[in-house]
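Student: The primary structure of each chain is shown beneath.
There are 2 protein chains.
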Amino acid sequence: MRNIDVKELAGKVAAGDRRALARAITLVESGRPDHRAQTAELMAALPRPARPALRIGLSGTPGVGKSSFIEAFGLMLTEQGLRVAVLAVDPSSARSGGSILGDKTRMERLSRDPRAFIRPSPSQTHLGGVARRTREAATLCEAAGFDVVLIETVGVGQSETVVAQMTDLFVLLIAPAGGDELQGVKRGIMEMADLILVNKADGPLKETAMRTCADYAGALRLLRKRPQDPEGYPKAMCVSALEGSGLKEAWDEMQSLAEWRRKTGHFDRMRAEQARHWFEEEVRQGLLARLTEDRHARVRMEELGREVAAGRAVPIDAAARMLGE
Amino acid sequence: MRNIDVKELAGKVAAGDRRALARAITLVESGRPDHRAQTAELMAALPRPARPALRIGLSGTPGVGKSSFIEAFGLMLTEQGLRVAVLAVDPSSARSGGSILGDKTRMERLSRDPRAFIRPSPSQTHLGGVARRTREAATLCEAAGFDVVLIETVGVGQSETVVAQMTDLFVLLIAPAGGDELQGVKRGIMEMADLILVNKADGPLKETAMRTCADYAGALRLLRKRPQDPEGYPKAMCVSALEGSGLKEAWDEMQSLAEWRRKTGHFDRMRAEQARHWFEEEVRQGLLARLTEDRHARVRMEELGREVAAGRAVPIDAAARMLGE
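Chains A and B, in that order, give the protein sequences.
Straight run, no breaks: the first sequence in our numbering ends on number 379.
Straight run, no breaks: the second sequence in our numbering ends on number 379.
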């Protein structure tokens, strides 16, 4: 990726050129310092979309049927003429080697749909590193004219928080289970959810799914009311990716909620707060990156690190010296 | 805490003055920028102990009997004439309000023992903040002549990693449970353990404890061999804090392992690596602190943050400008 004409690339992305979009995301995900400067230029050059896409975060532990849900839900949207992009934040790929969206065949039909764009999770991601770049990838998809941007994540560590910080709606996908299982979902994640969807509400699991749904509806009512919610939200609903049931209803709820937030100003306020958050996070990460990228700093860190390791200096005092220079 | 004569304080700590030690730890835990400078001075002024204390990290989820274990284990050590300090890293106190070691009555006899020093967990701790200061607190206890420094933590989030990075031995305390429960302990934590102690090996739970111990012993054998371990380590053993059984054997194992590591150089190597780690972490945290403590930086962050929130700048480009100034 040499000699990128960033302005030209921004123009192509805005014109809906899929190859340009893919190239732009690759640039954005790159860890190279020169690419970071180009990324900043690219993002600044991007025209603002006429209407923001709806960014939907989707979280669920392995086994709840996330891929099947995204495939069925995405196809329903593209059939309505909507353009759908699917991105992923995968905190586990670095460790386990397992990667979500790593294989497009997991969503075979959707990946062949000309109205859909599926971007596999970057390999060797670590949270807070490439993960935060998913926000820029979502902005690129938005500029390229996608109506819905789905950002998938697995329920591990802090990935939900990261995804909730870059989306307009946060959907939690749950498997049908006994009442005791409710405790498996951490309270912090429940508090982020706008919509809880109990998947696999079909066949022999249908009744269990309905009970699970009632349990979650009850749990949601116990949470503190948030300013960004109209009466009756957050909600719990049953869906079946397999049979396609409940998907339209879920989409209706998402649209109603988003519409209410648009009218009341919460949509814009949340986006503004998120933008500020990511700006601050970029500054923090950029500061830290200097320690390894700036040659002088790196050499000095190395020197002082040796002093400390040899016991000739204490960590906190050596750090004060490093920072004082 | 005004007009601290840091040199004098360091001298008193090194002379074993308990009140000076408590004051020094309070200084170290303080978040105030001027106290940070004094902390660096204090740590640099501290004479090196003739022989390093044995720093033992102790982790276990609530309910495994950590307090009872520390009380029984600590009293056994003080009866041998050893001086024992107990510190805590508590990642949960900020959220749940529950604090480990918050109440000395939990270890009533040990807290009255003149050879023991128990320091409650600082309230409103957040991991990576005050938690890393526990390392300095341990160094202070070491300088004050304590032979053993126990650092307790609950099995939540990354607190084990933090504690393992500041101790010579890492002990995992486990409750007796069915074989399936073994999976509840994360692999990453198993990999940090030098010794797994199955507590409550008494009364009706004794047999379960022995089975649990055998399960863990088997699991430990499957882990990759680490350079810092002699043959046969890490080990799993049964103990009963209630009956006092197994405590002497556990202490023997800890001493053998520490002795082997001292002879083979792993003890010093691990300490050197840890010192380097904390130096780097101090530099990182110190850099980030500037963003909020330096007036000019804070005002500029605020300005650019408003630009970004208003949509007049994009996060990544505004961050590049902030960093370029």
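Note that these hints are calculated values from the structure, not bench results.
This structure is a prediction, so every number in the text was calculated from the model and none was measured.
Any given hint could be a false lead.
What the hints assert, rightly or not - Which stretches of chain A does chain B cover? Using the computed rule of at least three CB atoms under 8 angstroms from a CB of chain B, they are: (1) 82-96; (2) 323-334; (3) 369-375.
Positions of the beta carbon are idealized from the N, C-alpha and C atoms, including for glycine.
Student: Now look at each hint and say whether the structure bears it out.
Tutor: Hint by hint, here is what the structure shows:
1. 82-96: Held - the segment 82-96 of chain A has 5 residues with a Cβ nearer than 8 angstroms to chain B, which meets the minimum of three.
2. 323-334: holds (count 7)
3. 369-375: It holds: at least three residues are needed, and the segment 369-375 of chain A offers 6 whose Cβ sits within less than 8 angstroms of chain B.
The earlier numbered hints are all upheld by this structure, with none contradicted.
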